[in-house]
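A.B. asks: Work out the full structure, taking the sequences as your base and the hints as a guide.
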Amino acid sequence: MSETAESLASKITQARQLGSVVRTMKTLAASSIRQYEDAVNALEDYYRTVQLGLSVCLRRMSALPFAMQGPPRHAPSTLLVVLGSDQGLVGQFNDLLADVVHEQFSQRKGLHIISVGERIQVRLADRGMVSERFYDLPGSVEAITPLVGQVLVDVEHAGNRSGVLELFLVYNSPEAASRYHPVVERILPIDTIWVDNLRSVPWPGKTLPEVPAGADSMFGDLVSEYLFVSLFRACASSLCSENASRLSAMQRAEKNIGEILEKLSLDYHQKRQSRIDEELFDIVSGFKALGH
0 MSETAESLAS
10 KITQARQLGS
20 VVRTMKTLAA
30 SSIRQYEDAV
40 NALEDYYRTV
50 QLGLSVCLRR
60 MSALPFAMQG
70 PPRHAPSTLL
80 VVLGSDQGLV
90 GQFNDLLADV
100 VHEQFSQRKG
110 LHIISVGERI
120 QVRLADRGMV
130 SERFYDLPGS
140 VEAITPLVGQ
150 VLVDVEHAGN
160 RSGVLELFLV
170 YNSPEAASRY
180 HPVVERILPI
190 DTIWVDNLRS
200 VPWPGKTLPE
210 VPAGADSMFG
220 DLVSEYLFVS
230 LFRACASSLC
240 SENASRLSAM
250 QRAEKNIGEI
260 LEKLSLDYHQ
270 KRQSRIDEEL
280 FDIVSGFKAL
290 GH
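0 is the number of the first residue of the sequence shown in numbering that gives the first Met the number 0; add one for each residue after it.
No wet-lab data here; the hints were simulated from the structure. Hints should not be assumed to be uniformly reliable.
Said to hold, decoys possible - Derived DSS-like pairs (lysine-lysine); straight-line CA-CA distance at most 27 Å:
no. : residue 1 : residue 2
1   : Lys10     : Lys254
2   : Lys262    : Lys25
3   : Lys262    : Lys10
4   : Lys270    : Lys254
5   : Lys270    : Lys10
6   : Lys287    : Lys270
7   : Lys254    : Lys25
8   : Lys10     : Lys25
C.D. replies: As structure tokens, this is what we get:
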């Protein structure tokens, strides 16, 4: 059944309205990317400060109460914090994370999962990996801090239950040109490799500072900040990647809508021209008939 000029005009109107929605979502995604990128960049300076503080404390401490000096007597419990998305239009964003989690952790015993984002929770459940706790994804930079605070409480409780806790963050990290890649970051336990790397961090000045409150006490506080910064940075990176993926999807949709509008407009003008030609033909035919 061929299209009429009226039906084509209606489709053109709908396509333009959809294009307006896509442009709005594209603008929102681009704006969100900027704020999360700024948050990640700002955290780098703070993370560097925490690293320097930990380095000083380690050089002043005689013992390492937080480090694993040998293999644990009991098998460690594993806690995954998986950062996905609540909303769609992000392509394979959640599926990539769910595949990585299933591939690397599905055979682990004593596994506990915290999902951040409704869609990643569903993707994990589809692969037989049930989340014990679920949080909604933050909608802004300001909302990340309360989420991190809640997750840190969960981490503390999990550590108290198991004694030895392995903590992994799983999230997508942004790359150039709206691309991203899945990251599995091991945060806990603090081991000798982590300690040795921190000890080797060069101090920017000539003399190491003193630690008036005591290196042991200060070290514990700085480890808490290290956990906070790691979780905050992972969440901000994930949100940046999500919006980059959505921006890319909206750019593709905008291009497709433009091509559809071009074709609809061409068909519409052809229909109108055919109608005009028919009307002119009828007028000419009528005129000729009157002339006879």
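A.B. asks: Of the hints stated earlier, which fail here?
C.D. replies: Violated hints: none; all satisfied.
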